[in-house]
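Chemist: Each chain is listed here by its residues.
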Amino acid sequence: MPLTPYLLAASVSVLAGLDRTAAFQFMISRPIVAAPLTGWLLGSPLVGLQVGAMVELLWLGRLPIGAAIPPDDTQVAVGATALAIGMGEFLGLGGMALTLLAVLVALPIGKMGSYFERFARQRNGRLLQQAEAAVAEGRLEAIDRLHLQGLIHFSLASLATYGVILLVGSLVLYLAGPLLIEPVGEAAGWLRLIFVLVGTGVILGTVNVSRAMTLFAASFTTAFLLLWLR
Amino acid sequence: MESPRLPKALIARVLVRSFFLQASWNFERLQSLGSLYAIVPALRFLYRGEALTLACQRHLEYFNTHPFMASPVLGTLLALEEKSCRGEKTYLGVQEFRRMIMAPYAAVGDALFWGGLRPAAAAVALLFALRESLWAPVVFLLMFNLPHLFFRFFGLVQGYVQGLKIVEVIQGRRLPDLAIRFKEATVVLLGGACAALAFFTTRAEALPAGWGLVAAPLVILLGKLAHRGISTLLLVLAAATVVLALDRIF
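Protein sequences appear in the order of chains A and B.
Counting from 1, one number per residue, gives the positions in the first sequence under the working numbering.
Counting from 1001, one number per residue, gives the positions in the second sequence under the working numbering.
Chain A extracted, bound-state conformation (with noise of 0.2 Å):
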């Protein structure tokens, strides 16, 4: 299996990891943007768009509100385009149906990102304690190197999650990929539109807006009505 394109989604893994909370914060890291630039590198662009319409609902009403951290999306959304990608040249499978069943495995694995990133979380809070000492003794140049030395466990908590979809993922594609992928593939249209109506559903429950309901049936209904008897 050739390792160069999981290094490439290693380097996006990074860039989007760091994006998501710790530098820039431009929205590289949303799976919207993160998977098809994951795509793009791997060669296969429309592939990382699909993961990432997704799974860009799912989790976009978890707000990063305080101490609260969301579920890592950005993994889910690189690792799964990663494996879909990388794990079809190797099966020799492909289409939408391997796409589904990368999306559906790296999610529950995803769950440790918030692991890797708690525990990257507690790490900086050691150079707080370093840089409050370091400005004590008048050392102020320390102030810039600690501060952004928070950015090393920030990347190694991204790239952590990333592995572990990776190779944990691969490992149940190569098991049970062959024998899932037929009944996936019959259902892959109904499977798609699953993703985008929890992904909604989600956020209608989440939105905290009154009339939310009351819109979403408005604009749900005449759009439907508008295709139906056009």
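I should point out that these hints are in silico values taken from the structure, not numbers from a laboratory.
All residues carry an ideal CB built from backbone N, CA and C; glycine is no exception.
Each hint can be trusted.
Some chain B residues near chain A, calculated using beta-carbon distances under 8 Å:
1) S1024
2) N1026
3) A1226
Since chain A is already given, all that's left is putting chain B on it; use the hints.
Modeler: For chain B alone, kept in the frame of chain A given last:
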């Protein structure tokens, strides 16, 4: 000795550094080291010796706000430090302002950027993605980052120019109302996206199109379950299992 005004290049440096505000985010004091990192070139310009150490210690206190709303806060802190260095009195000191403003600004920023603008941009991008258009990520990045970068740049500059008056300026912009408009727009866009996807899926599966209408109550049910705290992961996996089972049966 009267301290000079901060040079524009130095303010630009603080702006660039503010993009790394959360690099050392930690559970003890969240963004405190980040806020010091952003502002330390200005402190070095204004103070020397013991006064510089004391200024740095002021900015190592607990700090947590929305990362984009930190721009006006940092800008105001620059203005306050400059006045403090000149010996001018202000009705709020550096520490009082930090403590007073970070929580309300965090709430406004979370609602506007995370809860409003980001989902709205994602909903528009999703419409492109469902048509398999690779413009989806570009549209998302443009929709989110144009207001984001505008706010960060002008937030810092206005914070520095206006000083404590920035609170009134931001209050006058009615940002919480704007956040609600974004949320409402998101719900409407997602309603359209769900309808289109449901319609085309039922047609592709050779079912009567009317079956697609079932998607609306299904989304509302899923919303109720999410509201009751059922995890998204569980909802996805359960829904996928049901779909696979139904597909086998029929």
